[in-house]
Amino acid sequence: MEPMHAQQIIEAILFVIGEPVTLKRLGEIAAEVGTAEIRQLIEALNAEYVTSGRAFRIQEVAGGYQLVTDQHVAPWVRKALQNPRPDAVSKGALETLAIVAYRQPIAKAEIEAIRGVDVTAALDTLVERRFVRVAGRKESPGRPFLYGTTAEFLRHFGLRSIEALPTLQLPTVQEPPGVPAGLHGQ
Amino acid sequence: MTYEVDAGIYEGPLPLLVELARLNLIDIFLVKLVELTTQYLLTVKASGADLNTLAEPLPLLGSLMAIKARGLLPQPPKAEEDDEVPISLEELERRLKEYEQFKTVAQLLAELHALQHQHFARSSPGTPQAGEAAAVPPPPFDVGLPDLMSAFAKVLTRASAPVYEVHVEPWTVEMKAQELRVLLTVRRQVSFLELFTPQQSKLELVVTFLALLELMRQRVARAIQERLFGDILIVAVEPV
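Residue numbers (the working numbering), protein chains in the order written: chain Y, 235 to 420; chain B, 2 to 241.
Hint data in this document are derived by calculation from the structure and do not stem from the laboratory. Accuracy of the hints is not assured; some may be wrong.
[Unchecked claim] Below, in silico cross-link-like pairs of lysine to any residue (SDA-like), each with a Cα-Cα straight-line distance of 25 Å or less:
no.	chain 1	residue 1	chain 2	residue 2
1	Y	325	B	238
2	B	104	Y	337
3	B	203	B	175
4	Y	325	B	43
5	Y	325	B	119
6	B	98	B	27
7	B	69	Y	349
8	B	203	B	179
9	B	203	B	165
10	B	104	Y	394
11	B	98	B	7
12	Y	325	B	13
13	B	46	Y	324
14	Y	342	B	59
15	Y	342	B	17
16	B	104	Y	346
17	Y	258	Y	395
18	B	104	Y	358
19	B	203	B	184
20	Y	342	Y	382
21	B	155	B	218
22	Y	313	B	116
23	Y	342	B	21
24	Y	325	B	108
25	Y	325	B	111
26	B	203	B	145
27	Y	342	B	56
28	B	98	B	12
29	Y	325	B	8
30	Y	313	B	229
31	Y	325	B	14
Construct all of the structure, not just a fragment, from the sequences and the given hints.
Below is the structure:
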């Protein structure tokens, strides 16, 4: 297949889907093109968007590729969508989110031990906005919910994967006494 | 939102101050609670009325007060049992460092979020998206406290029932909250205006409104508007 044609296919798929499409899925749809080639084609497309001054960009986000508009046109796009407020997330919710992102799956009490305040409201907000979900229950008295981040979180924060977050400098904390070992990780 | 305070000998986030006071690492008697409350009241006046943000420092200020009050009481010679495991300074330091890191990440997340919201993905009408690209119809949005207050001010002006001398308080916030709870369980959503009738006395109206605010605070109910200038609806918050 001609590269030009393959590039059009990829561009068309990303345009129509409008949300992150995995490389695997792209490979299944455009079966004639190899995944390595698809990756190159996407890079070429992105380069072309920049050099020819187009309004599009292809982002690698939440484990897939997503066609989005460039930030320079954001004010007008927002106006067109009648989307008046870029909904900010409160500092408290963000701190809670950061803890969940690094320590997932984590129970509410464990988050509170780190932040030192009640996080009920913050967690509610995060669950409501689908950045965080209940990812299971802890096998300890009361079987509290364990929370983890979602693909929606990655999408809204432009992260390729959870590993794209910067590594924390502190070594992993030892378990506080009273919590049986072996509960972390799924 | 971490609430920052300036207490003379201490300047920084309120949660840390409470933690330091609790561990006796800061002399609570040097902290002027009057100043903290004044600052808080100023914040309340300045920041409009976001219930969540304003509510957060309250329990902390309360526990500071409790710590100070406890300090004023004569101490028993020796507590019978001391089940509170004392935290070593190193442990405290480690915890603070850990928290600092998460705060840094939170800051980064805020930037990433703002940045990502400069990019819009295509929103096809067929597949509604929860993301930044608003699908039709736009989702209902929260009604703030000022709007609720002004809606309630209208209710009060149409209150026509005469005022009687009442000796026993016929309505309590708890009673009204319970009624509202039942109503919301049955109906899922009610119009704000429907909660109040002109026949009700001002006292009953006020108690009902307080009960509503209490339910909102407990996140049992939420006030939304489906469109600009639309009716305010009170909806039951789905349990997670």
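Here is what the structure says about each hint:
1. 325(Y) - 238(B): Holds, at roughly 23 Å.
2. 104(B) - 337(Y): holds, 14 Å
3. 203(B) - 175(B): holds, 17 Å
4. 325(Y) - 43(B): holds, 20 Å
5. 325(Y) - 119(B): holds, 20 Å
6. 98(B) - 27(B): holds, 18 Å
7. 69(B) - 349(Y): holds, 22 Å
8. 203(B) - 179(B): Between residue 203(B) and residue 179(B) the Cα gap is close to 19 Å, so the pair holds against 25 Å.
9. 203(B) - 165(B): Holds, at about 10 Å.
10. 104(B) - 394(Y): holds, 21 Å
11. 98(B) - 7(B): holds, 21 Å
12. 325(Y) - 13(B): This hinted pair holds, its Cα atoms lying about 15 Å apart.
13. 46(B) - 324(Y): holds, 19 Å
14. 342(Y) - 59(B): holds, 20 Å
15. 342(Y) - 17(B): Holds, at roughly 19 Å.
16. 104(B) - 346(Y): holds, 14 Å
17. 258(Y) - 395(Y): holds, 16 Å
18. 104(B) - 358(Y): Since the Cα atoms of residue 104(B) and residue 358(Y) sit roughly 19 Å apart, the hinted pair holds (cutoff 25 Å).
19. 203(B) - 184(B): Distance ~21 Å between residue 203(B) and residue 184(B) Cα, so the pair holds.
20. 342(Y) - 382(Y): holds, 11 Å
21. 155(B) - 218(B): holds, 22 Å
22. 313(Y) - 116(B): The given pair, whose Cα atoms are some 17 Å apart, holds under the 25 Å limit.
23. 342(Y) - 21(B): holds, 22 Å
24. 325(Y) - 108(B): Judged against 25 Å, a Cα distance of about 8 Å means the pair holds.
25. 325(Y) - 111(B): Judged against 25 Å, a Cα distance of about 8 Å means the pair holds.
26. 203(B) - 145(B): holds, 23 Å
27. 342(Y) - 56(B): holds, 19 Å
28. 98(B) - 12(B): Answer holds: residue 98(B) to residue 12(B) is near 17 Å, not above 25 Å.
29. 325(Y) - 8(B): Holds. Residue 325(Y) to residue 8(B) sits at ~22 Å (cutoff 25 Å).
30. 313(Y) - 229(B): holds, 16 Å
31. 325(Y) - 14(B): holds, 12 Å
Consistency note: the structure conflicts with none of the earlier hints.
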